[in-house]
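Q: Single-letter residue listing:
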Amino acid sequence: MDFPSGLLFGALTGLLLLSPSRADAARPYINDKKVPENRHDLEVIQKHVTDSLPAARKATVCIDLGDGSGSGVVVSADGLILTAAHVTGGVGKEFTVIFEDGRKAKAESMGLISTTDAAMARITEPGTWPYVEIDREDSAHLGDWVYSLGHSGGFDKERGVNVRLGRLVQVKDSTVQSDCSLIGGDSGGPLFDLNGKLIGIHSRVGQRTQENMHVPVREFLKNWDAMQKSEFVGEGPFAKKPEKGKGFLGIGTLPRAEGGLSIDKVGRESPAEKAGLKSGDIVLKMDGVELKTKEQFQDLLKEKAPDDRVALELLRDGKTETLTLRLGER
Amino acid sequence: MNARSIAAVLLLATGMASAAQTLETAYRTNGQSVQSAFDSVRAVLQDSSAVIQRGRKEIAYGTVMSADGYILTKASEIGDASDLSIIVGKKAYPEPQLISTDPTWDVALLKIPAEGLTPVRLLLDQAEPPRGTWVVANGATSRSLRRVQVGIIAANAREIPHAGGPVLGVSFEEKDKKLVVTEVAEKSGSATAGVTKDDVLLLLDGDEITGTEGLAELIGEYHVGDEVTLTIERAGEKKELKVELKGRSDVFGEEVTRNDMMSGAFSKRRSGFPKVIQHDIIANASSIGGPVLNLDGGCLGMNIARATRCETFAIPASELKSIAERLMSQAK
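Protein chains in written order, with my numbering: chain A, 1 to 330; chain B, 1 to 332.
Hints should not be assumed to be uniformly reliable.
[To be verified] A few chain A residues that face chain B, going by a derived Cβ cut-off under 8 Å, partial list only:
1) P28
2) D32
3) V44
4) Q46
5) S152
6) G153
7) E158
8) N162
9) S174
10) T175
11) G206
12) L284
[Claimed, not checked] To list a few chain B residues with every Cβ distance to chain A over 10 Å, as calculated:
13) D80
14) P130
15) G151
16) R158
17) N259
18) R309
[Unchecked claim] Lysine-lysine pairs mimicking BS3-like chemistry, simulated, CA-CA at most 27 Å apart:
19) A:K58 to B:K239
20) B:K275 to A:K157
21) B:K178 to B:K242
22) B:K268 to A:K157
No lab work stands behind these hints: they were computed from the structure. All values derive from a computational prediction rather than experimental measurement. Note that CB positions come from ideal geometry on N, CA and C, so glycine has one too.
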């Protein structure tokens, strides 16, 4: 099939114009000077930060986990988020993200790299979200001027996102260090180059305020597909691998002659209770598999880990309905 | 060369290779080579930022507000101002006078016998410098040399409410919905007003106090610093006492958070400011009180608190002007 090439070109130009930061922005000369030498050099840094900051701020979110918070950044219009593995803590976790203007959205963690502290998440509500571009060319060098954003200490609408300036002071394969100071709550937040392109995600801090570690974006790009598929990659200190058999539903059942299992107990504050299961409901199927005995049901559950979703087909008041819930931790 | 020394050389080489990926300290954001670009601003700091010492120890910085020696600083760092000396320019002035303080802003006005000082040039037309604006403050210092510390405006200008909200500062037990005082906190407004053990709390500004929750609800309507009329019953007699509601953290101390443990020497008082601008200069508790300058050497404000390891608050220039005028007029 032939497309008129002019139209295709036009569509592409449109896309480029829509993107939040200039895709073709040149590398600022200031990065190739050892140090800024005069007033003009300093003003160039200042202008780059103030120009690119509005888009960067709009896309930076607070990740509200209920009992703590971190930060993250949206990298696509449909709500893909990059953050740190130690912020999401695992695959398939639900949380709320808060944009700087106070707008909230539900989100869910996807895959993570436990070895290097990279994680992906997505906004699960439909919408078009403000986002930033990733530095796909991996063009940041040692000594480059950078700035960090983060919802330090949790979301604060009056304060807004914190921004801090620094330079890349150490570059390694899977870690970069900057002297942008960081504190709790900044974890998972973005590190930008002077053009407002994402070059890293905040990971951890050293004893000294000038020691701040970030996961470089190349680590994300390298593992992009695995993270998209919600895989848990690597053995490392930043997230706990889900353990099969530790998933918790919280019901007691009795076998039923006509098939299925009859619920006779629902644990207080269990995932089952939260999902609205009641004593007297009949469970006919789990994840499409017909239930015949308690043992068979238990074996199916043993294959599940905390945070896994299960679909239960229920018979309630003579009608069947399907309910999906998320297992807790035993 | 034996095998062992070859191994040592290899190790050294590996060490050097990785060192090449590290930026020398001098080139880092607050490194000495970067600081030279700010030399013109450093000159302003030399003249208009004061170094306040107790003995040989630097305890705070100050901001020169007038040619004849009025200097603003952070009140809670200097205490009663005894045994202080102040360096402006290269000259030391022993025993500054403490003229007055403003508890709302935690600011103290000091006076040294001087003439022809260079006061800061307050930037009054810019209510809120945009995020990303360079800021320069006094960093490490010696008697003859100020060193700059640099950063950027980091967040929205805003009020920093008192941590913890207002409290009466008494403990009590509830007997038949009546609250009987069991203890009065030493630093509370209740202690100052003369509330004592066994007083029964009856009314707050005329509203009946019904139980613990009722009292909490009533207090929740007020702000730190408000004065309330507390009606109590003591030995069968009713009494009215004027009580200042103080901040919970001022009375009972502050709860230390995980962020605080990462923060190091943050200021003793870092909340309860009507308005601040925030920047990312890593200040010590003892380097608070000096001016915050822009690239022109104009004064955006005065540092008033190191809030966390990466957040420092400053009083904005226009607020600083009115505080200075108020305190200086009280002096005359």
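Q: Which earlier hints can't be squared with this structure?
A: Numbers 1, 2, 3, 9, 10, 11, 12, 14, 15, 16, 17, 18, 19, in rising order.
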